[in-house]
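There are 2 protein chains.
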Amino acid sequence: MTKRYSEDELISKLFSPIAGPEALGLADDAALMAVRDKPLVLTTDMLVAGVHFFAQDPPELIAKKALRVNLSDLAAKGAVPQGFLLSIALPMDWSNDWLESFARGLGEDAQDFAVPLLGGDTSSTSGPVAISITAIGTVETFVARRGARVGDGVYVSGPIGEAALGLWLRENPERLETLPLEARDSLLARYLLPRPRLDLIPLLTGAANAAMDISDGLVGDLAKLTRVSGVSAEVTISDIPLSLAALQLIALKPKLFELALTGGDDYEILFTAGADFSPPKGIWRIGSVTAGSNPPELRDGEGKSVFFKKNSYRHF
Amino acid sequence: MTKRYSEDELISKLFSPIAGPEALGLADDAALMAVRDKPLVLTTDMLVAGVHFFAQDPPELIAKKALRVNLSDLAAKGAVPQGFLLSIALPMDWSNDWLESFARGLGEDAQDFAVPLLGGDTSSTSGPVAISITAIGTVETFVARRGARVGDGVYVSGPIGEAALGLWLRENPERLETLPLEARDSLLARYLLPRPRLDLIPLLTGAANAAMDISDGLVGDLAKLTRVSGVSAEVTISDIPLSLAALQLIALKPKLFELALTGGDDYEILFTAGADFSPPKGIWRIGSVTAGSNPPELRDGEGKSVFFKKNSYRHF
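Protein chains in written order, with the numbering used here: chain U, 1 to 316; chain X, 1 to 316.
Keep in mind the hints are simulated off the structure, nothing from the lab.
Warning: the hint list may mix true and false statements.
Note that identical chains are pooled: a pair holds if it fits in a single copy or bridges any two copies.
To be verified - Derived EDC-like pairs (lysine to aspartate or glutamate); straight-line CA-CA distance at most 20 Å:
no.	residue 1	residue 2
1	K38	E140
2	K309	D8
3	K255	D300
4	K38	E108
5	K310	E7
6	K3	D239
7	K255	D239
8	K310	D8
9	K304	E234
10	K309	E7
11	K310	E9
12	K255	E177
13	K253	E174
14	K309	E234
15	K13	E100
Assemble the whole structure, with the sequences as input and the hints as a guide.
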């Protein structure tokens, strides 16, 4: 085996450059954050090779995905990211190259999203690499998941299903050749690298009654939102925005339409807003919040109910 | 396979009872914490089966250890725990029984230490169970690791090496019978269940110039403390407190003395304090902070230098 960084070296060489002053040089037991005059928002997500990404994916992108899924949760709450903590369990065969690339990707995103590393822990594992990130933000107006009101419109912030279709392509590589190159690249890239919608924070804090990020599939996530809000919803599935790339793949295999609406990893924002909200460009109205406690009703363009076998991604 | 909880069920049945109001019923994307008028202290530690504990250990104790190692970091900084986030990757063969016991142990400690669950994430893994906890505290006076001053005394808060010797016994079970029952139980229990020294917060914030918790072995951890403080130290190893149980095992196998001082998992506090500090009962002075940048010098009772092959536990 080639020589590898010691625990001290990998902290000082790879992770310290990403750390903010609160991290105390990653040379203390904990981070110290000054008093904030706004409430804190805290979220954690763990990504495991073979579950959330493929072990052979580029380490830069694995790092970015691990951070971004957390930033996406903050964005959905209207919270501005302030920092994050990272725990990583490295498999027996980790290499300096892999970890350097991982840290490079993490550092790029830490800079681009202005969110410093506050602390962390490195460990080993006999299993696949596991990455847990806890992100901390501050919020002016917290946008809860449970605030949807009867009469609200239901909105999404972008095309749905690209990442789930990208994952399907990874698992069905023989289909890659049947798609235009651009469509293929778009779907694969979206699976690898979500975009946390931090740009929507002003819109959400100004207009949304309830919001969440779409991580486990639109249909199941909407059901979660309506359930905790004590309401139901009607969605017209032809109003759900799909990208050209998604439509091209669905045209080849129509059954994938269901996967697009119920697969995970979108990281767009699902939210509801009152009747006076007029959505700007890039926000799609897909339905309405209704009274009742049933799961959302999905209808096709002619008003007929549509049912899916499975509404969302589940680990168990 | 017997029926297992769904992701929703395990959150609502097992983890919601441990959650504080900030967790929003574990039914939102993130936790919401009110503004605190004191600085925040944040720490994260990940525990992996086969590395930090044995997969067959009682799940209650695995949960408690995962939480306590984080609380220990807060204690060392003088920070009062306010809450924690949990990510857990479950192996393919997890059972309801296992997870119920895990949640029960976690809930007991959350209550005993008044530290609610703020949020979390559950995942699956093809490898061993991995548990990442991020703990959040507030602090009046942060006790940094880098504050040791020349002339300070070096102190520890309790007997050293019990947990490392307990681990050694687990790995050398043929030695179990050679030890008195009480000694054996004491060493094994200490490995399984650390005590976070939250009781020392007033002492540390009042008197310590520098502090850290001893998690990777006393000798190596003291070297970390003096290095970041820009000082050195002299330690008289006969002044290092050892428990009766540790002494009984070391008497049987004298080479284990080195392991006691360099093994991990003590979770006692190592700190330095000025010449005017007079240690209360239960605090041991083991040496002095000296000028220079060399690693701490260890001396036996006759003043002769002692060297160890390996100063601390390392993952890599």
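**Prompt:** 20 Å Cα cut-off: does K309 pair with D8 within a copy, between copies, both or neither?
**Reply:** Answer is between: at 18 Å across copies they meet the 20 Å cutoff, but 50 Å inside does not.
Report task. Tell me, please, which holds for K255 and E177 at an alpha-carbon limit of 20 Å: within, between, both or neither? Result -> This pair counts as within: shortest intra-copy Cα distance 18 Å, inter-copy 65 Å.
Margin query: For K3 and D239, with the copy left unspecified, which applies at a CA distance of at most 20 Å: within, between, both, or neither?
Written below: Neither. Shortest intra-copy (55 Å) and inter-copy (38 Å) distances fail the 20 Å Cα cut-off.
Item to complete: Classify it for me, K309 with E234: is the Cα-Cα distance of at most 20 Å met within a copy, between copies, both or neither?
Response: So K309 and E234 pass the 20 Å test inside one copy only (18 Å; across, 69 Å).
Margin query: With identical chains, the pair K38 and E140 could be close in the same copy or across copies; at 20 Å between alpha carbons, which is it: within, between, both, or neither?
Written below: both (6 Å within a copy, 19 Å between copies)
> When no copy is named, should K38 and E108 be tagged within, between, both, or neither for a Cα gap of at most 20 Å?
Replying inline: For K38 and E108, the Cα distance exceeds 20 Å both inside one copy (27 Å) and across copies (31 Å).
Report task. Could you place K304 and E234 in one of the four classes (within, between, both, neither) given a Cα distance threshold of 20 Å? Result -> This pair counts as within: shortest intra-copy Cα distance 11 Å, inter-copy 81 Å.
* When no copy is named, should K13 and E100 be tagged within, between, both, or neither for a Cα gap of at most 20 Å? -> within (9 Å within a copy, 41 Å between copies)
Query raised in the report: Given identical chains, is K255 near D239, meaning Cα to Cα at most 20 Å, within a copy, between copies, both, or neither?
Result: within (18 Å within a copy, 73 Å between copies)
Since the copies are identical, ignore which copy is meant and state whether K253 and E174 lie within 20 Å (CA to CA) inside a copy, between copies, both or neither.
-> within (13 Å within a copy, 62 Å between copies)
Given a CA cutoff of 20 Å, do K310 and E7 count as a within-copy pair, a between-copy pair, both, or neither? For K310 and E7, the Cα distance is within 20 Å only across copies (14 Å; inside one copy 44 Å).
inquiry  = I want to check one pair: K310 and E9. Are their C-alpha atoms no more than 20 Å apart within a copy, between two copies, both, or neither?
reply    = For K310 and E9, the Cα distance is within 20 Å only across copies (17 Å; inside one copy 46 Å).
Going through the hint list in order, the structure does not satisfy hints 4, 6.
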